[in-house]
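Asker: Sequence:
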Amino acid sequence: YELGATRGPFDYLQHRNLISASQLQQLNQPPQDFATQVSKIITDYKISKEQLGLSLEAFYQVSFIGFEPDKYQLHALNSKLNRSYLLKNHLVILEDQSGKVVIVLTNPNNANTLMEVERATGLLNYDIHVALPDDIDHYIKGQQEDNLTELGDLLNEADDDLTLETLQQEDEGISEETPV
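Note that this note's numbering has the sequence shown beginning at -15, numbered continuously upward.
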(Lines of atoms letter the chains of each structure in order from A and count residues from 1; the text may use other names and numbers.)
(Lines give C-alpha, C1' and ligand atoms only; values in the text may rest on other atoms or scores of the structure.)
Protein backbone atom coordinates (compact mmCIF):
# COMPACT_ATOMS: atom_id res chain seq x y z
CA TYR A 1 0.00 0.00 0.00
CA GLU A 2 2.96 2.33 0.49
CA LEU A 3 3.41 2.48 -3.27
CA GLY A 4 -0.27 3.29 -3.78
CA ALA A 5 -1.41 -0.20 -4.79
CA THR A 6 -3.81 -2.39 -2.84
CA ARG A 7 -4.35 -6.15 -2.67
CA GLY A 8 -7.98 -6.03 -3.72
CA PRO A 9 -10.25 -3.63 -5.60
CA PHE A 10 -11.99 -2.46 -2.41
CA ASP A 11 -9.10 -2.48 0.10
CA TYR A 12 -8.60 1.26 -0.31
CA LEU A 13 -12.06 1.78 1.20
CA GLN A 14 -10.99 -0.09 4.33
CA HIS A 15 -7.64 1.76 4.48
CA ARG A 16 -9.60 5.04 4.44
CA ASN A 17 -11.98 3.71 7.14
CA LEU A 18 -14.94 4.00 4.78
CA ILE A 19 -15.83 0.34 5.34
CA SER A 20 -14.84 -2.11 8.06
CA ALA A 21 -12.79 -5.28 7.68
CA SER A 22 -15.94 -7.35 8.27
CA GLN A 23 -17.83 -5.42 5.57
CA LEU A 24 -14.94 -6.05 3.18
CA GLN A 25 -15.12 -9.78 3.98
CA GLN A 26 -18.91 -9.80 3.50
CA LEU A 27 -18.44 -8.63 -0.07
CA ASN A 28 -16.94 -12.02 -0.90
CA GLN A 29 -19.25 -14.21 1.22
CA PRO A 30 -20.54 -15.99 -0.85
CA PRO A 31 -18.48 -14.97 -3.86
CA GLN A 32 -20.39 -12.38 -5.87
CA ASP A 33 -19.84 -10.91 -9.28
CA PHE A 34 -18.23 -7.50 -9.52
CA ALA A 35 -21.40 -5.63 -10.47
CA THR A 36 -23.21 -7.03 -7.41
CA GLN A 37 -20.30 -6.05 -5.16
CA VAL A 38 -20.28 -2.51 -6.56
CA SER A 39 -24.02 -2.17 -6.11
CA LYS A 40 -23.77 -3.37 -2.50
CA ILE A 41 -20.96 -0.92 -1.73
CA ILE A 42 -22.91 2.02 -3.13
CA THR A 43 -26.35 1.17 -1.75
CA ASP A 44 -25.63 -0.70 1.50
CA TYR A 45 -22.37 0.94 2.59
CA LYS A 46 -23.24 4.39 1.16
CA ILE A 47 -19.89 4.82 -0.58
CA SER A 48 -19.82 7.45 -3.35
CA LYS A 49 -18.87 6.53 -6.90
CA GLU A 50 -15.92 8.89 -6.57
CA GLN A 51 -14.53 7.06 -3.52
CA LEU A 52 -15.15 3.72 -5.19
CA GLY A 53 -13.33 5.03 -8.26
CA LEU A 54 -10.31 5.97 -6.13
CA SER A 55 -10.32 2.45 -4.71
CA LEU A 56 -10.34 0.92 -8.19
CA GLU A 57 -7.55 3.29 -9.30
CA ALA A 58 -5.41 2.20 -6.34
CA PHE A 59 -5.91 -1.48 -7.15
CA TYR A 60 -5.65 -1.44 -10.95
CA GLN A 61 -3.16 1.45 -11.18
CA VAL A 62 -5.08 3.09 -14.04
CA SER A 63 -7.32 6.16 -14.10
CA PHE A 64 -10.98 5.90 -13.20
CA ILE A 65 -13.67 7.57 -15.29
CA GLY A 66 -17.34 7.90 -14.54
CA PHE A 67 -20.13 8.56 -16.98
CA GLU A 68 -18.98 11.81 -18.60
CA PRO A 69 -20.72 12.11 -22.00
CA ASP A 70 -19.48 15.68 -22.45
CA LYS A 71 -15.87 14.52 -22.17
CA TYR A 72 -16.04 11.01 -23.72
CA GLN A 73 -18.06 9.75 -26.68
CA LEU A 74 -18.53 6.28 -28.09
CA HIS A 75 -15.86 5.40 -30.62
CA ALA A 76 -16.91 4.05 -34.03
CA LEU A 77 -14.92 0.84 -33.39
CA ASN A 78 -17.60 -0.31 -30.94
CA SER A 79 -19.59 -1.34 -34.02
CA LYS A 80 -16.99 -4.05 -34.70
CA LEU A 81 -17.84 -5.68 -31.37
CA ASN A 82 -21.06 -7.46 -30.55
CA ARG A 83 -23.24 -5.36 -28.22
CA SER A 84 -23.87 -8.35 -25.94
CA TYR A 85 -20.09 -8.91 -25.75
CA LEU A 86 -19.59 -5.29 -24.66
CA LEU A 87 -22.31 -5.57 -22.01
CA LYS A 88 -21.21 -9.00 -20.75
CA ASN A 89 -17.59 -7.92 -20.41
CA HIS A 90 -18.43 -4.42 -19.14
CA LEU A 91 -16.27 -2.91 -21.84
CA VAL A 92 -16.59 0.11 -24.12
CA ILE A 93 -14.29 1.99 -26.48
CA LEU A 94 -14.48 5.75 -26.03
CA GLU A 95 -12.85 8.77 -27.59
CA ASP A 96 -12.02 11.91 -25.63
CA GLN A 97 -12.35 15.44 -26.99
CA SER A 98 -8.79 15.43 -28.31
CA GLY A 99 -9.38 12.21 -30.29
CA LYS A 100 -7.48 9.91 -27.91
CA VAL A 101 -8.94 6.39 -27.87
CA VAL A 102 -9.71 4.91 -24.47
CA ILE A 103 -10.72 1.34 -23.67
CA VAL A 104 -12.81 1.38 -20.52
CA LEU A 105 -13.57 -1.78 -18.58
CA THR A 106 -14.25 -3.01 -15.07
CA ASN A 107 -11.16 -5.24 -15.05
CA PRO A 108 -8.26 -3.54 -16.84
CA ASN A 109 -5.97 -6.44 -15.86
CA ASN A 110 -7.84 -8.82 -18.16
CA ALA A 111 -5.24 -9.20 -20.92
CA ASN A 112 -7.37 -11.72 -22.83
CA THR A 113 -10.21 -9.24 -23.23
CA LEU A 114 -7.83 -6.50 -24.36
CA MET A 115 -6.23 -8.83 -26.93
CA GLU A 116 -9.69 -9.84 -28.23
CA VAL A 117 -10.56 -6.16 -28.68
CA GLU A 118 -7.28 -5.53 -30.50
CA ARG A 119 -7.88 -8.49 -32.84
CA ALA A 120 -11.48 -7.55 -33.59
CA THR A 121 -10.90 -3.82 -34.08
CA GLY A 122 -7.27 -3.53 -35.20
CA LEU A 123 -6.80 -1.01 -32.40
CA LEU A 124 -3.22 -0.82 -31.13
CA ASN A 125 -2.80 2.66 -29.59
CA TYR A 126 -5.11 3.41 -26.69
CA ASP A 127 -5.30 4.29 -23.03
CA ILE A 128 -6.90 1.96 -20.51
CA HIS A 129 -9.26 3.19 -17.82
CA VAL A 130 -11.39 1.52 -15.19
CA ALA A 131 -15.08 2.33 -14.69
CA LEU A 132 -18.11 1.06 -12.83
CA PRO A 133 -20.34 -1.46 -14.63
CA ASP A 134 -23.37 0.86 -14.63
CA ASP A 135 -21.37 3.70 -16.17
CA ILE A 136 -20.08 1.45 -18.95
CA ASP A 137 -23.58 0.12 -19.58
CA HIS A 138 -24.86 3.70 -19.69
CA TYR A 139 -22.38 4.57 -22.45
CA ILE A 140 -23.42 1.49 -24.44
CA LYS A 141 -27.16 1.66 -23.89
CA GLY A 142 -27.40 5.44 -23.72
CA GLN A 143 -26.07 5.89 -27.24
CA GLN A 144 -28.50 3.32 -28.59
CA GLU A 145 -31.41 4.90 -26.70
CA ASP A 146 -30.43 8.30 -28.13
CA ASN A 147 -30.37 6.80 -31.63
CA LEU A 148 -33.78 5.18 -31.07
CA THR A 149 -35.18 8.48 -29.84
CA GLU A 150 -33.84 10.24 -32.95
CA LEU A 151 -35.33 7.52 -35.16
CA GLY A 152 -38.66 7.84 -33.36
CA ASP A 153 -38.58 11.61 -33.81
CA LEU A 154 -37.87 11.19 -37.53
CA LEU A 155 -40.73 8.72 -37.91
CA ASN A 156 -43.07 11.06 -36.06
CA GLU A 157 -42.03 13.95 -38.32
CA ALA A 158 -42.58 11.77 -41.39
CA ASP A 159 -46.00 10.78 -40.06
CA ASP A 160 -46.83 14.44 -39.38
CA ASP A 161 -45.72 15.38 -42.91
CA LEU A 162 -47.81 12.57 -44.39
CA THR A 163 -50.86 13.68 -42.39
CA LEU A 164 -50.35 17.28 -43.49
CA GLU A 165 -49.98 16.19 -47.13
CA THR A 166 -53.16 14.07 -46.91
CA LEU A 167 -55.11 16.98 -45.43
CA GLN A 168 -53.87 19.30 -48.19
CA GLN A 169 -54.84 16.80 -50.88
CA GLU A 170 -58.31 16.39 -49.38
CA ASP A 171 -58.71 20.17 -49.43
CA GLU A 172 -57.78 20.17 -53.13
CA GLY A 173 -60.22 17.35 -53.91
CA ILE A 174 -57.41 14.87 -54.47
CA SER A 175 -57.81 11.39 -53.07
CA GLU A 176 -55.84 8.16 -53.28
CA GLU A 177 -58.00 7.16 -56.27
CA THR A 178 -57.20 10.32 -58.23
CA PRO A 179 -54.61 9.55 -60.92
CA VAL A 180 -51.65 11.85 -60.80
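Just so you know, these hints were derived from the structure itself, not from any lab. Don't take every hint at face value.
[What the hints assert, rightly or not] Mimicking DSSO-like on lysine-lysine, the simulated pairs with C-alpha atoms at most 30 Å apart in a straight line are:
1. K84 <-> K30
2. K55 <-> K33
3. K64 <-> K30
4. K24 <-> K72
5. K64 <-> K84
6. K30 <-> K55
7. K64 <-> K125
8. K72 <-> K30
9. K125 <-> K30
10. K72 <-> K125
11. K84 <-> K55
12. K125 <-> K84
13. K125 <-> K55
The structure presented is a predicted model; accordingly, all values stated were derived computationally and were not measured.
Asker: Work down the list of hints and note, for each, if the structure agrees.
Answerer: These are the hints, each one checked on the structure:
Note on K84 and K30: the hinted pairing is violated, with a Cα-Cα distance of about 34 Å set against a maximum of 30 Å. Restraint check for K55 and K33: the C-alpha separation of about 17 Å stays at or below 30 Å, so the hint holds. Pair hint K64 plus K30 does not hold up; C-alpha atoms about 37 Å apart against a cutoff of 30 Å. Our distance criterion of 30 Å between C-alpha atoms is met by K24 and K72, whose separation comes to about 19 Å.
As the CA atoms of K64 and K84 are separated by approximately 18 Å, the hinted pair is consistent with the 30 Å bound. Between K30 and K55 the CA atoms are separated by roughly 26 Å; this keeps the pair inside 30 Å, and the hint holds. The suggested pairing of K64 with K125 holds, with an alpha-carbon distance near 16 Å, which does not exceed 30 Å. A threshold of 30 Å between alpha carbons decides the hint, and for K72 with K30 the separation of about 26 Å falls inside it, so the pair holds.
Simply put, K125 and K30 have alpha-carbon atoms about 25 Å apart, close enough for the 30 Å limit, and the pair holds. For the hint pairing K72 with K125, the CA-to-CA distance comes to about 13 Å; that is within 30 Å, so the pair holds. Distance check on the hinted pair: K84 and K55 sit about 11 Å apart at the alpha-carbon level, within 30 Å; holds. Distance restraint check for K125 and K84: the Cα-Cα separation of roughly 22 Å lies within the 30 Å cut-off, and the hinted pair is therefore satisfied.
For the given pair, K125 sits about 17 Å from K55 by alpha-carbon distance, which is consistent with the 30 Å threshold.
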